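Peer 1: Residue numbers (the working numbering), protein chains in the order written: chain A, 2 to 325; chain B, 1131 to 1616; chain C, 133 to 798; chain D, 93 to 310.
Hint data in this document are derived by calculation from the structure and do not stem from the laboratory. Predicted model, so just to flag it, every value in this text is computed and none were measured. A virtual CB, placed ideally from N, CA and C, is assigned to each residue, including glycine. Any given hint might turn out to be false.
Beta-carbon label-pair distances, calculated as ranges [what the hints assert, rightly or not]:
1. C:S289 x B:W1541: 26 to 36 Å
2. C:Q156 x A:L218: 29 to 39 Å
3. B:P1575 x C:V792: 48 to 58 Å
4. D:V205 x B:I1145: 46 to 56 Å
Calculated from the model, a selection of chain A residues having no Cβ within reach of chain C, i.e. all distances over 12 Å [unchecked claim]:
5. L104
6. G260
7. K297
Computed list of chain D residues with no C-beta within reach of chain C, every gap over 12 Å [unchecked claim]:
8. Y97
9. L152
10. L157
11. L169
12. V229
13. L273
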Amino acid sequence: MMATTASVSVSVYEGAATLIQLVLVALGGPLLVGLMAKVKARAEGRVGAPIVQPLRDLRKLLTKERLHARHASVVLPLAPMVILASSVMAVAISPLVSTHPLLGSSADILVIVYLLLTGSAAAALAGLDAGTAFGGMGSSRAMTIGALAEPALLVAVIALSIQSGTSNLPGIMVSTLAHPDWVLGPSRLLALGALLIVVIAETGRIPVDNPSTHLELTMVHEAMILEYAGPELALVSLGEAMRLGLLFSLLANLFVPWGIATHPTAASIVLGTAFLALKAVLVALGVALIEVRSAKLRLFRLPELLAGGFVLSVLAVVTGLVTR
Amino acid sequence: MLIVAILVIPLAMTIVAASFAWRPWIGWASASSCAAFLGLGIWLSVTTLSAPQWALHHSFRADSLSAFMVVVIGTVSLLATLFTPRTMGQEIASGVTTARYARHYVVLMQVFITCMLTAVLTANLGVLWVSIEATTIATTFLVSHRRTDGAFEASWKYVILCSVGIALAFLGTVLIYYAQLHAGGTVHSSSLDWTSVMSVAHHLDPNVTRLAFALLVVGYGTKVGLVPMHSWLPDAHSQAPAPVSALMSGVLLTVAFYGLLRFRAVAVAALGPAFPRALLLVVGVASLLLATLMLIAQRDLKRMLAYSSIEHMGLLAIGGAVGTPLAIAAVLLHILGHGITKAVLFLSSGEIYHLEGTTEIAKISGLLARRPTLAGIFGFGLLSLVALPPFSLFVSELTMARAEVDAGLWWVVAISLVCLSVIFAALTRHARHMLMGAGPGDATPSTLRASVAVPLITALVICVALGIVSWPLQSLLTHAAQGVMP
Amino acid sequence: MAVFLAALSLCIAAALSAAALPRQWRVPVSAFLGSLGCLLAFGVAMSILITGDVVTFHSAQVLPLTGLSLTLDPLGAWFVLASSFVGVAACVYNVGYAKGAMASRTALTLFMVFVLTLLAVPAASSVMSLMFCWELMALSSLLLILTDQSRHPDARSAALWYGAMTQAGAAAILLGLLVMTSNAGGQNFADLSAHAAALSPVMRSFAFALILLGFSSKAGAVPLHVWLPKAHPEAPSPVSALMSSSMVAMGVYGIIRVGDDLLHGGTVWWWIAVALLGVVSAFYGALHATTSTDLKRLLAYSTIDIVGLVLIGVGAAGALNDSGQHAVAHLAMTAALLLVVAHAAFKGALFLAAGAVERASGTRDLDLLGGLIHSMPLTALVVVISAGAIMAVPTLSGFSSEWLLLQGLLHGFDVSSTPTVIVMLLGVIALALTGGLTAVAFVKAFGIGFLGQARSTGALGAREVPTSMVLAMGWLVIPSVVIGVVPGLLVPLLNRAAASALDTAVSSPLARGTDLVVARFGGAIEPAALVVGLVAVMLLAWVLNRGLAQRRARRVDAWACGRDLQTPRMQYTATSFAEPLQRVFADVLRPQTDVEVTHVAESRYYEQSLMYENRVVDVLEARGYRPLIAAALRVGRGARRIQNGSIHRYLAFGFVALLVILVVVG
Amino acid sequence: MNATYISALELAAGAVLLSAVMTLWRRSVRSIVSMLSLQGISLSAVAIVLALHEHEHALLVTGCLVFVVKGLVVPALLRRVSRLDPRSRESRPLVNVPASLVFAAVLIVLAYVVGTRITALSATSATHLAPLGLATVLVGYFMLVTRRRAVSKIVGLILVDNGIALVTFLLTSGVPLIVELGSSLDVLLVVVVLQFLMVSMRHHSDTDRLTEMKALHD
């Protein structure tokens, strides 16, 4: 009986942690986008929109009329749901606030990576659905970038998991907590570099993509979702923002997991939430700084960057194996 | 009695054919005579399972091997003679030949068949030689039957090369006889008898026997179509009328090989297995290699089939070289499968020649689209030829390979498999050119007459049955193989 | 065994009925008998995998001089499972598909023979039986490619390539097996297995090398894959489906059967070779799949990709087993086997769907397709799910198997031997690289083929295919979903098959249940829960989308930069979709691009027309195989001079032989 | 008696080989045919001498048969053939005459070396001469290979046959009669066939294509 109670209370905490990180990322993702826009604006000497502007945009879009392109199929309204669902589930199972979210035992790197890939694929299909030149262009470019970024992401995380002996993300974090000396090891640093590049590519930031461009020919992600309007655009944007929030948080937690809740107590979960918010904001500021200081690369220079990321991740694995 | 009947039937048919002017019924009669002795041959093979049969004061002797060869001869000649009325009809209609030569043709075919039957049924190794030499004479006129420049050239080369070759075989036979005379055996009139030779085979002088066997391999090898005396084969096969090519390629070669099998047993008894094996391996592998080289860029359909015969004879020689009961049984199955397959292929290539007016591969195309049945038969025949299952050549080739490996000759298997792969690629390449592709224009596909299609399809079905079911043949094969074990 | 023989007999009956019955009867009757036979075989395989029994059969009456031996153990049963499941679909599909040449006696009979051999090959338990079934399988599929050859020149050359390579491969297999029989005293697999240890190490490695050569060529491993992207697309679609899903699996089966079972694992180096083949194949296949514009060719290259992954698993399993890591080896083998079955289902479905597209629109060139989702919604659904499975969308079958593979590789790093570790690393990298590329390929396949607007009149006029074809495709979607959502259900079966493959009695690291849980490595996936979550979120999103807006969507013209004119020809095509990646990997793909600009007569600043041509040919074929063929033909033409027609020369051959004999023998 | 027998045998057997070498030497078809006739007669002499010495009636019959067939009929046939051939000279053999003769000497030595290995089995005055037969075979075969004219080919063939017959007589006092009959008949028939072919071909095409028939080749 006691055991059952205990497990019930544990699952209550797990549920709470899951819920908190979902809400946090759902609200925090757009806020991070706003924050980065603000930082960029300030750096360029403008005042910029308020940080909550993305959230306002979302609310406004949800009330707008639904518009579909003439030749679009059922894929167009379905894709935003898939994008959102994949992001939400990735957030739900990832160890962000606590190392024990509800489905934490299956928070495998492969699950996260392929959930995100599913979202990207859905977006790319949506881009092709309307049968326009721009949508196709956006899909093609986004998939190319994704195809090159995904191996780097996977291999970089595998570098971490080889060190930890598991591909389970909470497992990686727990073992990192137990071995603080790993954090500054060469393998970790190389993997960090690789992951940073990947995260920038996956979230569509400069120098890979310019989220605020309004010239169709230079767009990547924006071209792909060009046909979306109203609530569907809101779903897509929310999904993308959550993906950004998730990736920033994971980047932070994988390398500096301290502060994450490892025990089913209210205090540690509150602490974990706070730490997560702090770390995500710091990562966002860092990425914003990179964006401010660099120019967008030409599309055909991108592979070099991503290949660099891939090589870094492979090196991370190799050094990890050598120094084991 | 059975043996005599088997020999008398084609002989009687010869006389009938010689005494009447050419009519289609003579063709049908000759086919039914083949069917008759085939039936008797099957009966003979049943009786020989218990003991060898003798006839005419020990002049003729039939063990399972002879009976099996009678069946092979019967099957292939039945197939070939079934086409006599059609071939002659076509040739007379197109002015290639006259009724007079048609009569010659039927008579010579019967003589040819009789000679082959004598060769496998005789008890005497000397008479074996005489009969095989006699087939040369009969077939020369058959090769030159069309009376074109090419036909004459082919038969000229055929006679010269075969006569020289077979003369060497005679020298070999004589040397065996000489060795036998001085092996403690008593001299009497029947002393070149297979049984009496085998009874003293262990005491034959090795030096003499070695030379004799080498001469026999080259000599009979000429008729078998083995390197180095193979050169007559593509010329003769490409120029002879299709049924003649079918008979020559299907059985004549293997009847000569039958002679080699007999002498191999003698040689192994006298010399041990090493020398005969080495010799047969050399000629077998050489034949295989030559056939492979010549098939890669072959330009003529019938020459292609002829070189494929050389290839298969090479395989037989390799199988014979191993000489274990399993290998010999496989060799015999291969002889039958190859005979039927080759007959089908030559007969259908005759049809192709008749319809297309050429046997040049480059000039034939789209046959499957234009003549689906004929091309289908030819195509399946080729599949059988390259030893794909379910055709019987597959089983026999694989069993030979197995026996070769059992004898420690896996490198020979390796060489043969490389050759066979190349040959497969080459043959499919040629087949693709001839059979596949769109036909010219939108002409409706033409059908094949049932009198042509039914025998050929039946033959292919028999090949399939032989390749799948062991039942009637297996005991005969193993028994026959035991007959030529030293 | 009786039931299995009954299943085989049903297939034979199907073949005979196809050969004997009149036109209107032969298609349904043969399909009925054939699918019944496959279902029966499926049941037998299932029961063997559940109980672990081994059934055998020997008859001396079939196959002269040798006899036929059949043995079905869990390993064989696993492959029978795959081929029989796809076999059912292929037979049913054929009811709607078989028209014209495919409904002819020959083609239908061969089709049923092909199905039969796919069931028989994993059961064959002697050298001769295996080679018989194997060659029959090759032959029937070869002839089926030629079904409609008179109208398809590509089919003719494909058949030639396939025939030549499969025959060479079979020769290699045969020689390898025969080398093993040389001291076994028999040709049954039991003898071979019992005497394998007595073979010298060199001969054992030689035999394995030959066998690997043969089987990996059938499996389509690079560089012996050249025939595959030619032959698979050119076959009629039910045949393509069987070839790509089951026949390719037979290659993998052969490697496992001989390497692991009969030769007992051999040395680490064998398996490193296998895994390296896998790495190269996975990458090369995935890359070519992204740039292919022919739908079936794309699928064929993706087969090479997946086979590569399977071989990585098999290689890893072998290497780990030899290094003493039995549990991890078991895991890797499990992954490979699961991927085989998963691949059989989704690739089968995709090929059937490609056939449906071809039937409906008259083309399978993606550059001419588009908008099919409107006219063929069910086919589109099948493609989405199966493509999702192949892209490893979590909760679909591809993901479960790739996850298992990654687990096997990840824990293989604990091995002490450096070469093994390097191979594991390469395996992981290949897995990562192909994931993204596969996604590109299948987003392209579905997005260009089914979405947007039709690019040709054929695609515009497409209609949904007959029910039987849809049913068959639907049947093949089942495993993608089941293995994806509740992969744990298959774990007991997989454990039996893997244990029988690796010949070790190791307790499986996989826990039982509906999820995949590798308890000792702390790895797990719970796809069922994930499905619940995903559906819930999608429902929520649907409410957000529909519920708040409360309106049907209004149809508007798509944004075209302000221009009004937006034609189907302005859409991205498959070629343009893959162009960026093609540029990135130009060094591997070596695309040939021609641009031809014609200027107007008056001024060279204006262009009259512009022609752009882009071709991606298989670089291994162009640089490796073509020169070889040319050399062989040169040799052949040169050799013709031996027989120059001179009788003097012919006589001289014999004279020289005579002199040699006299000198050597006399 | 014995000495006469031996010298008669030696003389006849030697004549066989000598006539073989002579055919290699001479160019005119007419004299080659004469040599052939001489050889046939010598061959039958060998058979008859042996038969008389060993009281083999069968061999006596064979000897007479050989005399008729090889000494009379075959040369007669060949003369007929050669009348058909207007340019009845072996004008340019593939190997010229002096070289041929040298080569023939080599062949004879080879035949001797090989022959002694065989005759070691039973050393009688007859078997000692067997190498002569073997040498005839080789010389005949050599002629077959190197001479271009159709008639020369036939002659070569007959030389080979005669050589074998000589070996047969000397080693084994003849094979069983039925075989001997068969083989003689075969030789005869082959010659007839070849003659027929030559005649037919001449009828068929005017030009003398026999020397260089290379239409059939790969």
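Peer 1: Any of the earlier hints contradicted here, and which numbers?
Peer 2: Per hint list: 2, 5 and 12 violated.
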